[in-house]
Each structure stands twice: as C-alpha cells, then as structure tokens.
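Trainee: Chains as they are written, first to last, in numbering that gives the first Met the number 0: chain A, 0 to 293; chain B, 0 to 284; chain C, 0 to 266.
Rather than coming from a laboratory, the hints here were simulated on the basis of the structure. As the structure is a computational prediction, the values presented were derived from the model and not from experiment. By construction, the Cβ of each residue, glycine as well, lies at the ideal position given by its N, Cα and C atoms. Just so you know, not all the hints are guaranteed correct.
[Unchecked claim] Calculated pairs, DSSO-like style, for lysine-lysine (alpha carbon to alpha carbon, straight line, at most 27 Å): (1) C/K114 - B/K181; (2) A/K179 - B/K181; (3) C/K25 - C/K209.
[To be verified] Covered stretches of chain C (chain B as the covering partner; in silico rule of three or more C-beta atoms under 8 Å from a C-beta of chain B): (4) 24-30; (5) 186-198.
Each chain, letter by letter, is given below.
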Amino acid sequence: MASPVVHLPEAQLRPLLASYDAAVRSRRFHSLLVMACIVAAIGLSSVSAEVDLAKFFGNLGNFTSYIWRLFHLDNGAWVWADPVEWYWGAARWLRLLGETLLMAYVGTALGAIGAFFLAFLAAANVAPRPWLRLLVRRFCELCRTVPQLVFALMFVIAFGLGPLAGVLAMAIHTLGALGKLFAEVVENIDMKPVEGVSATGAHWTAAMRYGALPQTLSNFVSYSLLRFEINVREAAVMGFVGAGGIGMDLIEAIRKFYYSDVSAILLMIVVTVAVIDTLTSMARHRLIGMEERH
Amino acid sequence: MAGRMKVDTAAIRSRHPHYFGPPARDRQVLMLAGAAAVILLVAAMAELGFFGAKLIGGIDKLGDIAVLMMPPSPGDWAHVRLYLLSLMETIAISFLGTLLAAVIALPIALLAARNVTVQRVLRFFTRRSLDIIRSVDILIWALIWINVVGLGPFAGVLAIMTSDIGNFGKLFSEAIEAVDRKPREGIVASGGGAVLGIRFGILPEVFPVLASQVLYFFESNTRSATIIGIVGAGGIGLHLAEAIRTLELQQVSFIILLILVAVAAIDVVSNQLRFALIGRRARLA
Amino acid sequence: MLRLDGVVKKFGDKRAVDGISLVVPKGQMVGVIGQSGSGKSTLLRMINRLNDPSEGRIFFEGADVTRLTGRELRQWRARCAMIFQQFNLAGRLDVLTNVMMGRAFHAPLWRALLKLWTHDEKAMGLSALEGLDMARLSGQRADTLSGGQQQRVAIARALIQEPEIILADEPIASLDPRNTQVVMDALQHINRHFGITVMCNLHSLDLARKYCDRLVGLAAGRLVFDDVPAALTDSVARDLYGLESGEVLGPESRPDLVPAPGLAIAN
Ligand SMILES: Nc1ncnc2c1ncn2[C@@H]1O[C@H](COP(=O)(O)OP(=O)(O)O)[C@@H](O)[C@H]1O
Ligand SMILES: [Mg+2]
Chain A
0 MASPVVHLPE AQLRPLLASY DAAVRSRRFH SLLVMACIVA AIGLSSVSAE VDLAKFFGNL
60 GNFTSYIWRL FHLDNGAWVW ADPVEWYWGA ARWLRLLGET LLMAYVGTAL GAIGAFFLAF
120 LAAANVAPRP WLRLLVRRFC ELCRTVPQLV FALMFVIAFG LGPLAGVLAM AIHTLGALGK
180 LFAEVVENID MKPVEGVSAT GAHWTAAMRY GALPQTLSNF VSYSLLRFEI NVREAAVMGF
240 VGAGGIGMDL IEAIRKFYYS DVSAILLMIV VTVAVIDTLT SMARHRLIGM EERH
Chain B
0 MAGRMKVDTA AIRSRHPHYF GPPARDRQVL MLAGAAAVIL LVAAMAELGF FGAKLIGGID
60 KLGDIAVLMM PPSPGDWAHV RLYLLSLMET IAISFLGTLL AAVIALPIAL LAARNVTVQR
120 VLRFFTRRSL DIIRSVDILI WALIWINVVG LGPFAGVLAI MTSDIGNFGK LFSEAIEAVD
180 RKPREGIVAS GGGAVLGIRF GILPEVFPVL ASQVLYFFES NTRSATIIGI VGAGGIGLHL
240 AEAIRTLELQ QVSFIILLIL VAVAAIDVVS NQLRFALIGR RARLA
Chain C
0 MLRLDGVVKK FGDKRAVDGI SLVVPKGQMV GVIGQSGSGK STLLRMINRL NDPSEGRIFF
60 EGADVTRLTG RELRQWRARC AMIFQQFNLA GRLDVLTNVM MGRAFHAPLW RALLKLWTHD
120 EKAMGLSALE GLDMARLSGQ RADTLSGGQQ QRVAIARALI QEPEIILADE PIASLDPRNT
180 QVVMDALQHI NRHFGITVMC NLHSLDLARK YCDRLVGLAA GRLVFDDVPA ALTDSVARDL
240 YGLESGEVLG PESRPDLVPA PGLAIAN
C-alpha cells in the first residue's frame with residue numbers, strides 16, 4: 000500500500016526543518032540553563048552539607064543491618080517470635096503514648112481556642128481596628144515560623160522538664176498556624192448576615208456571634224482536626240528535648256542502641272498515627288455530611 | 000392580638016428547615032460531644048500539670064527570659080561568621096533533601112497512582128509504605144540516619160529526603176491521578192507502550208504541578224532543617240540548641256532572627272518561581 | 000478487510016455495544032451514526048483495543064486482533080490509527096513531537112524517549128504536516144493551537160503511522176464549519192487516494208451522506224441500519240434518532256450553507 004505521506008522535496012523540507020530546529024534549540028537552551036543552575040546549586044550544597052557518597056554507599060550496609068537489627072531481640076530471635084519480650088515495657092510505653100495523645104489534644108485545643116478569638120481580629124473584612132489586625136497577623140506569623148521544638152527548648156528552661164513545656168510550645172505553634180487559616184475562613188464568609196446584625200445597632204461582638212460565627216464553625220473544626228493529626232506526630236518527638244511524651248524513651252532507645260525497643264516504640268507510634276488519621280478523617284466527613292444535609 | 004400572631008411553627012420548620020439549624024438529633028450529638036471535649040480538656044490539663052505552681056513560676060521565668068533575649072546579639076564577629084555558615088548549611092540540607100526526595104518519589108508515585116499501576120496489590124503496598132514513612136517524624140529519621148552515616152549535615156539531608164519521599168509520593172500520585180487521560184490515550188492508540196505514554200502523555204502535563212509542590216516544600220523543609228541540628232544532623236539547630244542550653248539568650252534571639260529572615264527570603268524566591276511556572280501555564284491555557 | 004463477529008461490550012450491567020457483526024472491505028469509507036450513547040465510540044475503541052470486547056471477536060485481514068497483547072497489540076494499533084473528538088494531543092509538547100508519536104511503535108524506545116528522531120522521521124512528520132498546511136507551526140506548543148489546527152496535527156500523527164485503517168471518533172464535533180470541511184476533506188482524500196479504510200463516527204447525517212460510501216446505524220448498542228447513504232430516508236433517520244425529521248436534517252442540509260472548499264491535501 001502506498002504511504003499516505005507524500006514526501007516533500009529536500010529543497011522544500013530544509014527551511015521547515017531549520018525553523019523547527021531553531022524553535023527547539025531556543026527552548027532546549029532555556030532548559031539547559033535551568034539545569035546548569037540546579038547542578039551548580041547541587042555542587043555547592045553538597046560541599047556545604049558534607050555529602051560523602053563514598054561514606055554513604057560504604058555505610059549503606061549499615062542501614063540494612065540496622066533495619067535487620069531493629070527487628071531482632073538481644074538473643075537473636077525475630078521480635079515477633081517473642082512479643083512479650085519485645086514489648087517488655089508495654090505498660091510504661093502505653094502510659095507515655097497516652098501522655099503524648101493528651102499533649103496533642105491539649106495543645107491543639109488551646110491553640111484552636113486562641114486562634115478562634117484572634118481570627119476575628121485578623122480577618123480583613125471584619126477586623127475592628129486596622130492596627131490591631133496587623134499586630135495580630137505579625138504575632139501569628141512569628142508563632143508559626145519559629146519551629147515548635149525551639150519553643151519547647153526554651154519552655155523546658157522556664158517550666159522544667161516534662162509535658163507542660165511541650166504542650167505550651169505546641170499550643171503556641173498551633174495558635175500561629177490555625178490563626179492564619181481561621182482568619183482566611185472568616186475572610187471568605189458571606190457578609191450579608193453580618194451587616195444584617197450590625198444594622199440592628201448590635202455591638203461588634205454580637206455581629207460576630209450571630210452573623211459570622213455560624214458560617215465558620217464547621218471549617219474551624221475541620222482545620223483543627225487536621226492540625227490534631229499533625230500534632231500527634233509532633234508530640235511524639237517533644238520528648239527529644241525533654242518536653243514530655245513517648246519521645247523521651249524513643250530517643251534513649253535510639254541513642255543507646257536498644258534496637259528492639261526502637262522498633263516496638265516506632266510501631267506503636269505508626270499504628271497510633273494511622274488510627275488517629277482514620278478517626279479524624281471520618282469525623283471530618285461526618286461534619287461535611289452534616290453541613291450538606293441542611 | 001394573640002390570634003393575629005399565631006404561627007404554625009411546625010409547618011414553617013418543615014418548609015424552611017435550613018433556618019432552624021441542624022435537626023434536633025444532630026444538635027444533641029454535637030452538644031454531648033462538645034461537653035465531653037471540654038471535660039477531657041480540663042482533665043488532661045490537670046494531668047499534664049497545668050494547675051500547679053509550675054505554670055505560674057514558669058510564666059514568671061519566661062518573662063525574665065524574654066527580657067534577657069533583648070536585644071538580639073551574636074556576641075562577636077566570629078559567631079556571626081559561624082552562624083551564617085551554618086545557616087547556609089541548613090539551606091543546603093533542605094535543598095538537597097527536597098531534590099533527592101522529588102527524584103526518588105516520582106517513580107514511587109507512578110506505582111501508587113491508580114491510572115498508571117493497574118496492579119492493585121502493588122499499588123496498595125506502595126501506598127501503605129508511603130503512609131508509614133509519613134507517620135514517622137523527620138527527627139526520628141534524622142536519628143536513624145545518624146546511626147548509619149554518623150553525626151553531621153549529611154544525615155540531615157537523608158532525613159529530609161526520607162520524610163519527603165512520603166509526602167511527595169502521596170502528593171505526586173494524586174497529581175498524576177488528576178491528569179487528563181486523553182494525551183496518553185492518543186499515544187497508546189498509535190502503538191506507543193506504557194513507557195512512552197508516561198513520558199509524553201503524563202509527565203509533561205503534571206510537571207508544573209509537581210515543580211510547584213517541590214518549591215513549596217523547599218520552603219517548609221528549610222524550617223525543618225533548622226531543628227534537625229538539635230539531634231545532631233547538621234545546620235544551625237545545633238548552635239541554637241547549644242545557645243539555649245548555655246543560656247546565651249541574646250544569641251538565641253539573634254539566631255531565631257536569622258532563621259526568620261532566611262525562611263522569609265526562601266518563601267519569596269520559591270513563590271516567585273512558582274508563580275512563574277503556573278503563570279506561564281495560565282497564560283497559554 | 001475488517002470483520003466484527005458478535006462483538007459485545009458490557010460496562011457493569013450496561014451493554015454499551017450489544018452483539019455487532021460487520022464486514023468492512025478494504026478501502027471503504029464507512030460512517031457510523033446513531034444517537035449519543037448508542038455505542039459508537041465504544042465500537043471504535045474496541046477495534047483499536049482501547050477497550051477490550053466482553054464477547055465476540057474482531058478480525059483484520061483474517062487475523063484475530065481481539066486477543067493480541069504486548070508488542071503485537073502495539074503493532075496492531077500502529078496499523079489502525081485513531082482520531083479523537085478532543086484530539087488527544089499532549090498540550091505541553093510541540094507540534095512535531097506530537098506528530099512523531101505516530102512513529103512510537105517503529106522507532107526504538109530509547110530514541111523515542113530522548114526525542115532523537117532521525118532526519119527521515121522528521122522529514123516524514125514535516126511532510127505530513129505540510130500536506131495539512133501545518134508545517135510552519137511545527138515548533139509551537141500544541142495547546143496554543145486552535146481546535147481545527149489541533150485536529151490537523153492529530154491527522155498528521157495518524158498519517159505517519161502509515162495505517163491501513165483509520166478510526167475517527169466524531170473528529171469534527173468540536174470544530175467550526177470551515178475546519179469541519181477541512182478535516183472531512185482530508186479524511187476523504189486519504190481514503191480515495193491511498194485506499195485506506197476509514198471508519199468515522201458522525202453526529203451529522205448530512206456529512207455522513209456527503210462523505211461516506213456506506214452508513215452503519217447504531218441504536219442502544221445494536222446494529223439497526225447498514226446500507227448506502229441514499230437508503231437513509233427521513234423515516235429511517237427518524238427511527239434512528241427518535242426525532243422529527245426537521246430536527247435530524249439540520250441547517251447543514253441546505254446546500255447554500257455548506258462552506259467553501261478548504262485547502263487541498265498533500266500535493
Ligand atoms: N468507561 C465507561 N464506563 C461505563 N460506561 C460507559 C463507559 N464508556 C461508555 N459507557 C456507556 O456506554 C454507552 C455508549 O457510550 P458511547 O460508546 O460513548 O456512545 P456514543 O459514542 O455513541 O455517544 C453509554 O451509555 C455510556 O454511558
Ligand atoms: Mg462518542
């Protein structure tokens with residue numbers, strides 16, 4: 000069968016090819032330039048971050064043997080061969096895990112309550128005073144940009160070792176993160192009900208309570224639940240700086256090479272996080288379902 | 000009078016249910032849940048030591064600390080140099096970790112994407128593995144990598160990489176699943192195999208989305224990179240933890256200030272790049 | 000010769016295509032007509048194997064193509080080009096790269112992956128584009144083109160497959176009248192001059208009558224009409240579409256509204 004493509008004579012083809020190649024070349028030059036920048040940045044960063052591929056590949060065996068050792072007891076048996084031995088510290092770890100969850104809960108709740116009040120002061124559409132709005136925004140920004148663990152380190156000095164410092168650090172960070180999100184929620188509300196309440200001569204607080212709040216509540220709860228998921232993970236490492244929770248035992252186990260303890264605690268954390276994630280996402284869907292029903 | 004104002008509440012309620020808030024049963028459930036939440040909160044606060052002398056004393060001490068932190072000061076020029084160098088190290092850790100994670104996460108994301116991997120079991124295990132990676136905090140990864148490659152920034156790079164493989168794997172696979180299936184179908188219908196379908200039908204379409212996600216994480220990872228130093232995985236966190244422990248509080252506030260400036264700068268740069276990427280797309284759409 | 004033998008496609012409980020048997024001789028231009036949802040797209044997609052038939056078999060030149068897998072399946076797809084209503088181009092790639100996907104089966108994988116097309120391959124792509132008056136746009140991104148231009152790129156991609164049969168699924172449904180004419184003329188030209196079989200899903204009966212040698216009518220997945228266009232009377236069309244004849248024969252049936260002839264194909 001004849002090819003349905005009628006080949007152009009070379010003379011006619013040449014300018015077409017040339018113009019295509021020119022178009023491709025300019026684009027390719029652009030990508031090469033970007034690639035060159037990235038490669039240069041990789042080079043510089045590798046020096047700065049002391050990347051040592053020889054050491055990495057040399058020690059990669061360590062990684063596999065490390066993982067292997069994580070799942071073996073001191074006597075050389077697989078951890079699941081003797082669950083009682085593996086979870087010898089179950090009682091203590093469960094208590095610490097409970098403390099971790101309580102930390103996440105209190106930290107999220109306190110942060111959310113604070114953010115709730117700040118949001119109405121920080122939202123552009125309802126803020127009572129412009130200067131106050133700016134001040135609140137800056138404050139929230141500071142709270143969420145300084146890492147949680149840095150707050151925790153300082154609070155440990157002020158409040159002593161223990162969960163109190165961790166919870167307060169978490170509450171402050173949550174306040175900053177949720178304050179911004181909550182303010183955005185308030186900025187997206189329908190203003191008609193607020194104006195309606197204000198028009199009756201009501202005070203600002205009343206306008207917020209009856210005009211703005213009903214529209215925002217379910218979003219607030221939804222964001223708080225998401226934050227709770229994050230905070231459970233974060234609470235698990237607060238103990239690294241002495242600020243309570245299961246992290247305390249975890250870092251000791253890692254530092255002192257108690258391999259099977261590390262895997263036991265990690266497994267508890269992974270399972271807890273999975274359960275919490277499932278529960279909160281169920282709660283969020285329930286919430287959305289409730290919203291849609293009326 | 001009373002006769003004129005008589006209102007058939009039940010009829011109005013049934014005609015305009017949305018003016019009457021959630022149905023009675025829902026409202027009861029919500030109120031019970033709220034009450035339980037408050038009781039739990041108070042009990043938990045008691046358990047965690049909120050109502051003792053510790054809190055009052057601590058707040059008092061915190062006030063002293065805040066005063067001592069002002070004004071921020073590095074101490075001397077040698078410290079300025081040291082801090083700037085480790086700030087650079089922090090940014091380098093974040094950059095390399097994010098980039099490595101993106102490169103490794105892409106093939107994993109393809110395995111986790113419904114429209115690419117039809118093998119359900121493989122997809123399931125890939126997704127579960129990503130979930131597990133994500134549920135372990137970056138600091139824990141840092142500690143594990145320290146055991147493998149020793150103390151130092153390289154462990155930090157690997158920690159950020161590991162943690163972000165989990166994040167990127169999930170986000171990338173979602174982006175891939177959301178991609179228009181038509182371009183790939185066009186290639187497959189002309190006799191191209193799966194590899195060409197992915198190379199020309201999927202990757203060019205998702206590239207701007209992925210790049211934008213990577214840039215976003217670069218910024219948030221710089222924040223994470225400032226704390227992995229606390230456990231010994233490089234970066235400025237080491238000096239920050241040191242300064243806090245030795246109560247060099249003016250240096251603490253100086254370092255925090257440095258971190259805030261660096262994060263803000265990277266935020267601006269990555270937003271510009273993201274805008275350039277997405278903006279270019281929007282203009283042509 | 001293409002032969003369909005009791006082909007069925009089920010989506011869950013729904014029989015989208017319900018037992019169609021059909022013989023299409025080489026070189027015929029067949030129009031497939033029927034209401035939206037009657038199974039036209041599914042039928043064509045099964046021939047290209049984008050969908051697999053639930054029952055029945057499809058033969059081409061005596062060989063069963065229903066069970067092909069791997070390389071053989073791709074070879075069959077290369078022989079049977081597909082043109083889509085939405086063009087199915089990769090919008091962010093340039094025009095010529097999109098066209099070169101038509102050589103995806105023939106070029107070695109590593110070369111295709113790196114876009115290292117040979118001079119001959121590029122010449123072929125550009126010639127096909129030039130035949131459709133598109134070569135000067137070869138370096139442009141596909142998503143910057145108009146619908147009509149994109150469909151011409153898709154046709155060029157189909158042409159450099161050097162196919163034996165072209166399946167076109169409502170190729171003009173997203174186009175304006177002028178581009179409709181360009182695309183339909185191109186398909187007719189390919190059919191007449193190179194003897195390539197064309198199966199074309201069409202919404203408009205007038206176009207189907209004007210361009211096709213034979214019309215196949217589907218209703219609810221079943222074959223309800225199979226004859227020359229002249230046999231498609233208004234009453235048959237009414238049955239097929241369940242409409243009044245005035246609605247079936249839209250404004251295009253009036254010759255004064257048919258747009259002026261477009262450009263010539265190939266040279
Ligand atoms: N992937 C699919 N999944 C489920 N049902 C489908 C799918 N593709 C098509 N169908 C159904 O099959 C029937 C025929 O569709 P189609 O072949 O697209 O018809 P036409 O092209 O004639 O409009 C329609 O009822 C459609 O809803
Ligand atoms: Mg269709």
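Trainee: Each hint should be assessed against the structure and marked as holding or not.
Mentor: Against the structure, the hints come out as follows:
no. : hint            : in the structure
1   : C/K114 - B/K181 : holds, 21 Å
2   : A/K179 - B/K181 : violated, 39 Å
3   : C/K25 - C/K209  : holds, 20 Å
4   : 24-30           : violated (count 0)
5   : 186-198         : violated (count 0)
Hint compliance for this structure: hints 2, 4, 5 are not met, and every other hint is.
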